[in-house]
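Turn these sequences into a full structure, and let the hints steer you where they fit.
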Amino acid sequence: MNLIGALVQQSIKLGKSPEYPADPTGNQEEQLRKLLLKARKTAFGKHHNFDDILRHNHFPGAFAAAVPLSDYDTFYQKWWRLALADEPDVTWPGKIPFFALSSGTSGASSKYIPVTNDILRDMKKISRRMFFDLAKYHLPARQFTRQMLMVGSGTSLRAEGGHFTGDLSGILGLNRPVWLEPYYRPGKHITGLPEWSDRIEAIAKEAPQWDIGFAVSNPMWLQLIFERILEKHKLQSIHDIWPDFNLLVHGGVFFEPYRQTLEQLFSKEVHYIDSYMASEGFFAYQNHPHHRDLQLVTDGGIYYEFVPFTPENFDDEGNLTPEARALPLSKIETNQHYALIISTAAGAWRYLLGDTLQFTDTERLTFRISGRTKQFLSVCGEHLSLDNINEAVRRADLTLGAGIREFVAGGFRNGSGWAHRWWFSAANTSVSPETLMNAVDTQLKLLNDDYAVEREYALKTVEASIIPNEVFLQWLHRKGKFNGQAKIPRVMKGEVLQDWASFAVQQGQIVRGNPAVL
Numbered sequence: 001m002n003l004i005g006a007l008v009q010q011s012i013k014l015g016k017s018p019e020y021p022a023d024p025t026g027n028q029e030e031q032l033r034k035l036l037l038k039a040r041k042t043a044f045g046k047h048h049n050f051d052d053i054l055r056h057n058h059f060p061g062a063f064a065a066a067v068p069l070s071d072y073d074t075f076y077q078k079w080w081r082l083a084l085a086d087e088p089d090v091t092w093p094g095k096i097p098f099f100a101l102s103s104g105t106s107g108a109s110s111k112y113i114p115v116t117n118d119i120l121r122d123m124k125k126i127s128r129r130m131f132f133d134l135a136k137y138h139l140p141a142r143q144f145t146r147q148m149l150m151v152g153s154g155t156s157l158r159a160e161g162g163h164f165t166g167d168l169s170g171i172l173g174l175n176r177p178v179w180l181e182p183y184y185r186p187g188k189h190i191t192g193l194p195e196w197s198d199r200i201e202a203i204a205k206e207a208p209q210w211d212i213g214f215a216v217s218n219p220m221w222l223q224l225i226f227e228r229i230l231e232k233h234k235l236q237s238i239h240d241i242w243p244d245f246n247l248l249v250h251g252g253v254f255f256e257p258y259r260q261t262l263e264q265l266f267s268k269e270v271h272y273i274d275s276y277m278a279s280e281g282f283f284a285y286q287n288h289p290h291h292r293d294l295q296l297v298t299d300g301g302i303y304y305e306f307v308p309f310t311p312e313n314f315d316d317e318g319n320l321t322p323e324a325r326a327l328p329l330s331k332i333e334t335n336q337h338y339a340l341i342i343s344t345a346a347g348a349w350r351y352l353l354g355d356t357l358q359f360t361d362t363e364r365l366t367f368r369i370s371g372r373t374k375q376f377l378s379v380c381g382e383h384l385s386l387d388n389i390n391e392a393v394r395r396a397d398l399t400l401g402a403g404i405r406e407f408v409a410g411g412f413r414n415g416s417g418w419a420h421r422w423w424f425s426a427a428n429t430s431v432s433p434e435t436l437m438n439a440v441d442t443q444l445k446l447l448n449d450d451y452a453v454e455r456e457y458a459l460k461t462v463e464a465s466i467i468p469n470e471v472f473l474q475w476l477h478r479k480g481k482f483n484g485q486a487k488i489p490r491v492m493k494g495e496v497l498q499d500w501a502s503f504a505v506q507q508g509q510i511v512r513g514n515p516a517v518l
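Take the sequence shown: its position 168, counting from 1, is numbered 168 in my numbering, and each next residue is one higher.
Hints were generated in silico from the structure; no laboratory data involved. Please note: incorrect hints may appear among the correct ones.
So the derived label-pair ranges between C-beta atoms look like this [unchecked claim]:
| id | residue 1 | residue 2 | range |
| --- | --- | --- | --- |
| 1 | GLY381 | ASP86 | 43 to 49 Å |
| 2 | ARG176 | ALA135 | 20 to 26 Å |
| 3 | ARG142 | ARG413 | 56 to 62 Å |
| 4 | GLY162 | ARG478 | 28 to 34 Å |
| 5 | LEU54 | ASP211 | 50 to 56 Å |
No experiment lies behind these values; they were computed from the predicted model shown. For each residue, glycine too, the CB sits at the ideal point set by N, CA and C.
Below, the structure is given as structure tokens:
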């Protein structure tokens, strides 16, 4: 039996439909009702009177009035630290079996995100649905007789009291359905290796024994693996070893900066599917080959709310203000940036995830991830979103053929004015830092009117260095983030920016451009 056959059989067995739900507002109210009912006897449910909320004629409004918006630090200090100490029934029934370690892109110490059996079940349901939508891609039948390469962090979890901690990919790996094992690579004998570098080497060694048809990965780490395979076996293209590799399911980072250098490793067309999963849940995926936007999943154990990303709702550091108000799904509009608020089957309640979204179609519920609440660049009113930054770099890279893989930007005081400093890795050695910076600067002016104005007045200096890609990886390793879920923050601030700038100089590997001492 091929992979899709196995998926169909399992779907029939479990009574799940691959079709996307037709009533998103109704789905969302039903999700919230189920969450409230399940958690009403927990300490959190009793404290916020979930029973009273459920009796209310308009219980979503009563829920919003009774439960405050909260970020990780606030929620952890009051609730999740108790669950981490193995107290039962804190924000979700029973004891929490897993905690995903997630530091995101802030550079801060690890966060402990609860992962329950309920949220794992919902993640698996959405994953199945995403694979059913592969029918829209009209892939050859032989594609689904091939194996799946799933690149994530190791499956070695650490036992702490009555629970386990580790990366989400490790938790998912240990909870993968038995029937999927024959199609999955690299296997637990590799994912169980403690060091990421050892896992890359083991994958490269065994690669000729596999017949990979598609991969699921963060593109940064997939590129490292593919490059090592080609180097080790002296190949020109990944299709020399896996001729039917045809599909890449990616997520975690904005894909476009990686497209150009990834495609240099291919000799055939590869389809790309974007997905949106975090330690807190599986929220959306690209469900059509001709539309790169993500489609929100409204029946996956998560209730969504949306806070307009405006000065009324967020301060200059990207923190929620006391006056912040969230909107339900029925009130969203296109062309507005929203911070995502979630309540989940893992015991998160009106929790600020940290991502900002911009809906492109309110009927199909499609959107783009436009940035992070704390990853925007605005030292003097230029208001650059992560979406602006990624798009400007993509356009500049396309124009110059620079081969950009990683980059970081930050802002700082420069005399009586302000300056931006950028660091790029670029494969094309003929492109100078000045040329690259000028191209990015030009695109930012076209994309953002505020930036264009500030470049004339307060933001007098924008400068760049081009450094080896290894420096970015070395920084991740130094921060303890050298794993399959790690990613480089595109915007750095404060102490994290100072640490990065000092580290880049200390490596002595700034090859083009002036060393940055902030």
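(request) List in ascending order the numbers of the hints, as given earlier, that are violated by the structure. (result) Every hint satisfied by this model.
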